Amino acid sequence: MIRDRAAIVGIGETRFAKQLEASEKRLALEAILAALDDAGIAPAEVDGLASYTLESTDEVEIAKNLGLGDVTFFSQVGWGGGAGPACVGQLALAIAAGQCRVGVAWRSRKRGSGGRPWAGRQQPSVAGTWTRPFGLLRPVDEIALLARRYLHETGATRESLADVAVAVRRMANRNPRAVMHARTLSREEYLAARFVSEPLCLFDNCLETDGALACVLVGADRARDGRHPPAYIHAFAQGMPRQSHAMVNYWSDDPLAGPSWACAEALYRHSELQAADIAVAQLYDAFTPLVPLSLEGYRFCKRGEGAAFGAAGALELGGRLPINTSGGGLSEAYVHGFNLINEGVRQMRGTSTSQVEGAEACLVSGGEGVPTSALILRR
Amino acid sequence: MADGWLLPVLGEDDAPFWEGARRGELLVQQCTETGRLLFPPRARSPWAPHTEPRWVPVSGRGAVWSFAVPHPPLLEPFSGLAPYNVVVVALEEDPRVRLVGNLVARPGGALNEVDPRSIEIGARVRVHFEPVGDGIHLPRWIRDP
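Keeping their order, the protein sequence lines are chains A and B. The first sequence begins at 1 in this note's numbering and counts up one residue at a time. The second sequence begins at 1 in this note's numbering and counts up one residue at a time.
It should be emphasised that the hints constitute simulated quantities derived from the structure, not laboratory data. Quick caveat: nothing in here was measured; it's all calculated off a predicted structure. Do not rely on the hints blindly, as some may be mistaken.
Part of the chain B face toward chain A, derived, beta carbon under 10 Å [said to hold, decoys possible]:
1. 6
2. 9
3. 14
4. 48
5. 66
6. 69
7. 71
8. 82
9. 98
10. 140
11. 142
12. 143
Cβ coordinates follow ideal geometry from the N, Cα and C atoms, glycine included.
Generate the whole structure from the sequences, applying the supplied hints.
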């Protein structure tokens, strides 16, 4: 287990917008340089790299453009939004094991202007055989089926999904970097919005964003001398439960106990801190129903109570568990969840625009519904 | 519908399902050691990985486990049908075995003929098969009173 032996000491990001001029490569380079500048570490010192298998700019491109030194650890993690915390966690383990000394994780994506992955007629893989011919085309349709079942089993209503959308939007309204900074969202607007895939409406969906983010990790000894308070990697786990399928997880015995459950089991086994000790979380929010599912999976409440947990402002600043304090994927930027990592670091530095006072630890989760990963960051 | 229906891309373990569908039979796999039914198809039984599962017919009866109603933006041919329904059906023989499909009012009926507000989780349904081109017959579901 990693147990605070590495820390994030630099974070960087580009502007976020529906459409940016620069290529994904140039955005990646900009975000990585910003993170290294934030850490006060020269590119030539970087010897570890990690990103998503879906990343379009590979390690060679990054290293040769930024003048990195000899890179001795490089890793790519699969499963889209499930990968973010794993990129950081794998670098932390590599640093703790002495495989590298300075690690950079990043994600650059033009999901705003670069097209919708589901929109091609050609199926991306045989996995679509059992879903796409029936009109289950988009991630939102796949999650809508789980959401309907969840509401049915728990007796919850769309009001609970509105709790998530409204809470996260309020976070974005305090964050000038957020795409939705200037756009408020009321419960009434949520309930009146058009459906995209019933029971999910427009505001249950994340944004479509162009942008890139990166962070820099070093060992704990060096982190203590850094420019900023370190965000220690206290615990890290990946989770792929038995007999699960990515996104279309209707074929496991219990589809509503998804990857978060398996990930949480390992995460808390590695951690001195348990859910009751965690005062702020960044939960992967490509779709609002992933939040109640993740609240249950990561043990902030019992099975079936995730929807009720979010009532009465519990997810907002001042509530039991403020989530996605920069506005998350729903309202800051959707960059496969990497903004959740950088925001977790800001919470540990005390520099969030929705700072949770006294928070000693922050949980950051990857996508529920795909093989996933999670971190517990510690101040 | 110039581009035709969105057809399945068959994996190496899938052919018997589609051959059964062409004959009007719903087939799933079964673990030869434990007897558990298995779907989607695998090369090995996860409960007895030294064995290959066998294909067995099932009754084609089940219950709606969940459903969604997609609205645009979508792909053809679905954009012209929206809003339509997508259902997950849990099989009568073992509700842990679930198939994604569509609820239609009658054999040959369109995906948007059933009023989505009338669909209920738990509703009993039975399968039939609809040819959609290239020798592919898709399982579709009608209410089973």
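Status of each hint after checking the structure:
The restraint placing residue 6 of chain B at the interface with chain A holds, with a minimum CB-CB distance near 5 Å, inside the 10 Å limit. For residue 9 of chain B, the suggested interface contact is upheld, since its CB lies about 5 Å from the closest CB of chain A, less than 10 Å. Hint status for residue 14 of chain B: holds, given a least beta-carbon distance of 6 Å to chain A, under 10 Å. This hint is violated: residue 48 of chain B has a C-beta 14 Å from the nearest C-beta of chain A, more than the 10 Å allowed.
A cut of 10 Å between beta carbons decides the hint on residue 66 of chain B: the least distance to chain A is about 4 Å, and the hint holds. The restraint placing residue 69 of chain B at the interface with chain A holds, with a minimum CB-CB distance near 4 Å, inside the 10 Å limit. Contact between residue 71 of chain B and chain A, as hinted, is supported at the beta carbon level, the nearest pair being about 5 Å apart and thus within 10 Å. Interface hint at residue 82 of chain B: satisfied, since its Cβ lies 8 Å from the closest Cβ of chain A, which is below the 10 Å cut-off.
The beta carbon of residue 98 of chain B is positioned within 10 Å of a beta carbon in chain A (closest approach about 5 Å), and the interface hint is therefore held. At about 9 Å, the closest approach between the beta carbon of residue 140 of chain B and any beta carbon in chain A falls short of 10 Å, and the interface hint on this residue holds. The restraint placing residue 142 of chain B at the interface with chain A is violated, with a minimum CB-CB distance near 15 Å, outside the 10 Å limit. For residue 143 of chain B, the suggested interface contact is broken, since its CB lies about 17 Å from the closest CB of chain A, more than 10 Å.
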